[in-house]
Each structure stands twice: as structure tokens, then as C-alpha cells.
Amino acid sequence: MNILYIGELYQGSTCLMRMNALKSLGHNLKCIDILPGNSSLNKILDRINYRLDYRFDFENLNNKILKEIKNQYFDIIWIDKGKRVFPQTLKKIKSLNSSIKIVHINPDDPFGKFKTGWKTFIKAIPFYDIHFVAREVNVPEYKQLGAKIVYLYDRSFDPEIHKPIELTKEEKKKYGCNVGFIGSWAVDREKSIAFLIDNGIEVTVWGNDWQKGKHWNKIKKYWRGPSLKGIDYAKAINGMEIALHFLRKENRDEQDSRTFEIPACGTFMLAERTRKHEEFFEDGKEAVFFDNNTDLLEKVIYYLQHPEERIKIGKNGWQRSLRSGYCHSERLKKLLQLII
24 MNILYIGELY QGSTCLMRMN ALKSLGHNLK CIDILPGNSS LNKILDRINY RLDYRFDFEN
84 LNNKILKEIK NQYFDIIWID KGKRVFPQTL KKIKSLNSSI KIVHINPDDP FGKFKTGWKT
144 FIKAIPFYDI HFVAREVNVP EYKQLGAKIV YLYDRSFDPE IHKPIELTKE EKKKYGCNVG
204 FIGSWAVDRE KSIAFLIDNG IEVTVWGNDW QKGKHWNKIK KYWRGPSLKG IDYAKAINGM
264 EIALHFLRKE NRDEQDSRTF EIPACGTFML AERTRKHEEF FEDGKEAVFF DNNTDLLEKV
324 IYYLQHPEER IKIGKNGWQR SLRSGYCHSE RLKKLLQLII
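In my numbering, each number is its position in the sequence shown, counted from 1, plus 23.
I should point out that these hints are in silico values taken from the structure, not numbers from a laboratory. Bear in mind that the values here come from a model prediction, so they are computed numbers and not experimental data. Possibly wrong hints are sitting among the right ones.
To be verified - For lysine-lysine, the following DSSO-like pairs were computed, each having C-alpha atoms within a straight-line distance of at most 27 Å: (1) K235 <-> K136; (2) K146 <-> K195; (3) K53 <-> K356; (4) K258 <-> K214; (5) K196 <-> K335; (6) K146 <-> K171; (7) K214 <-> K192; (8) K90 <-> K195; (9) K142 <-> K114; (10) K356 <-> K338; (11) K243 <-> K197; (12) K138 <-> K66; (13) K53 <-> K93; (14) K186 <-> K252.
What the hints assert, rightly or not - Simulated DEER-style distance windows between Cβ atoms: (15) S63 <-> N25: 34 to 42 Å; (16) L327 <-> Q360: 26 to 34 Å; (17) F81 <-> K243: 31 to 39 Å; (18) K166 <-> D221: 40 to 48 Å; (19) N25 <-> L327: 50 to 58 Å; (20) K166 <-> H329: 44 to 52 Å; (21) T317 <-> Q342: 25 to 33 Å; (22) L119 <-> R247: 26 to 34 Å; (23) M24 <-> F81: 30 to 38 Å; (24) L119 <-> K146: 18 to 26 Å; (25) E302 <-> W246: 26 to 34 Å; (26) Q167 <-> F79: 49 to 57 Å.
The C-beta atom is built at its ideal place from N, Cα and C for all residues, glycine as well.
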């Protein structure tokens, strides 16, 4: 199929990974990166536009989309986090080609705590043919705002990046740790990590905004830098004996990309217990789930003291990821079947 693919195509983004997965399935893609240029002016304008919920189109994105529609036939317009795509653009697309399917996929939560930047998209919800959302609570929220069809989809991993990696001596020094976490600061994450540190567990952290937390003075000696992307992210996971996985409660998540990326690396995952996590991996055999900070501490101590059991669970999680088709291409095959 001919697909016009629109999204944030920076290196390490899951949007770029999904784009590559669609190409690997044999589809013809024309791609438009919705992110602004790298100049200081572009970045300043984009920050202003974000605060204004992308009311303006400084990058002329919407005209670029319409130009592609006029110049080439597409079966599907695939938009990933279309914060900058105007409702009138979607209406114009349909007037140019009524048979084209306009699809939106959104790994984020436009109705969660972080509402800034979503108003333009929310106004456009009724003009998409199909929405794919990553959390069950979003399904009725989209429908209440006029969405025609809303499907729940599960997150996934990139087998070209998220895989067991034999680290060099230098990489082991850079990434190696007993217990680690990669992710941005959030209140509950900080509380859990501070609790572990208070109880003698050193937790290595990579991620943004940790300096704003009330426990920063406690955590900063274990902080190794901002969030990692791509192969550096995968190497860091491979360097952990235990990879902690805290969901972002502000986004009302029951799963996210790390749910699959950590096991795909063959690393032991210790994650928050959710219904979806228990659906994807068997607790105690393919991953381990915790219920509260006390439970988390007890399981960290236990699995640090039982390396053979920990390594076996990590291997089982890797095998489950491959066997159950948790990679991007397998997930996307199912979504395409729903579209056509």
C-alpha cells in the first residue's frame, strides 16, 4: 500500500521505529517529519506554539501534507501524535480523495495530567477515520468527542535495537549496574527510588528533570545523565542486573514501550503490577511485578541474591517477547488488518 506517514521522526523515537517496521512489511511510504528545524528561532517558535496548543503552523506542515495528497495517490494517511495537524487539513484531504483512510495513532494521553499542546488535535478527533489509542480509558473519551472508530492497541519493541547485546569492557563500565531505571522524573517514581536508596539499594538513573524532585540530593550521586535513546538506551538496559519499570501515572498508563523493550533485551524486568503487564508476561517466570514499595524492596533484595533465577527469568521474558509477536512489525500487521 501507499502510505503518507506523518510524525516525529527523530533518531530513537518510537514513531521512527514504526515507520521502519511499516517499510519492512513491504509498504511504500512517503514520510513527513512534523518536528521544527534545529535553528534557535524554530525552537523558540515551537515552544511558544506548544503553549498555544499548536494554534499556528510556523513550519507550513499542513500545506506540505496537502501538497503530497495532490501530487500522489495514497491508500492511507498515517499520523502519529498529530498535535500540529489542523482539522481543516483533514477535511480538505477528504475533499481531494474521499476513499483515503486517515488514521491516527497516539501512544500519549491527551486527557491526562499533561494537557498542554493537545487542543488542536482534540478538535480534529472527529475528522479521522480510525484512532488507535494505548489505554482503555481513552476509548470512551475519544468517542465522546466524535471519534468514528477507536481501537485499543498494545505497545511494542524494535528487534533491531532492543535485543541482547554483548557489551564491551568500556560499555560495561559506562552502563553496568545492579539496579537501574531509564525515564523522566515523576513524583511516584522518585518516591520509590528514594525508598530503595534509603534501604541500602543503589539505583542508577538516566532521565530528564530529576533535578526538580524533592529527593534530588539523595538521588543525584546515582544519576548518570539525561534520557537515553536508540542503541545507547538498549545498551544501558543490557548493563543492568535488574531493570526497574515504573509507569507514568500522570498518563494513566497500564503499559508503555519499556514494558516490551526491557524483556526484549533479555534483561530481568521488575515492573509495577498492572492487569496489562500480567497479560503480557507471566509473573515470576518471564518478569516480576511489585505491588508497593515494600514489595519492591523485598524483590530487589531477593533477586540480587539469586542471580541464576534472575537470569532465567530475563531469558524467558526475551523468548516470550519473540514468541508472542511483541515487536513493532507484528503489532502493525494487526492494525493494518483493522484499517483495510
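Q. Has the given pair, K138 with K66, been kept, meaning a C-alpha gap of at most 27 Å?
A. holds (20 Å)
Q: Please test the hint of 31 to 39 Å on the beta carbon pair from F81 and K243.
A: holds (37 Å)
Q) At the C-beta level, are K166 and H329 separated by a distance inside 44 to 52 Å? A) holds (47 Å)
Q) Hey, K142 versus K114, does the alpha-carbon distance stay inside 27 Å? A) Holds, because 17 Å separates the two Cα atoms, which is no more than 27 Å.
Q. Would you say the C-beta atoms of L119 and K146 sit inside 18 to 26 Å of each other?
A. At roughly 20 Å between Cβ atoms, K146 and L119 fall inside 18 to 26 Å, so the hint holds.
Q) When you check the alpha-carbon spacing of K356 and K338, does it fall within 27 Å? A) It holds: about 26 Å lies between the C-alpha atoms, which stays within 27 Å.
Q.
Just to be careful, I want the Cα atoms of K258 and K214 compared with a cutoff of 27 Å; is the pair within it?
A. holds (26 Å)
Q | CB-CB spacing for D221 and K166 relative to the 40 to 48 Å hint | A | holds (45 Å)
Q.
Quick check on a hinted range of 30 to 38 Å for M24 and F81, using CB atoms only.
A. This hint holds: roughly 31 Å between Cβ atoms.
Q: For the pair supplied as a hint, K90 and K195, confirm whether the alpha-carbon distance does not exceed 27 Å.
A: violated (49 Å)
Q) Per the hint of 26 to 34 Å, is the separation of the Cβ atoms of L327 and Q360 within bounds? A) Violated, at about 43 Å.
Q. Is the straight-line distance between the alpha-carbon of K186 and that of K252 27 Å or less?
A. holds (14 Å)
In this structure, the earlier hints numbered 2, 7, 8, 16, 22 and 26 are contradicted, and the remaining ones agree with it.
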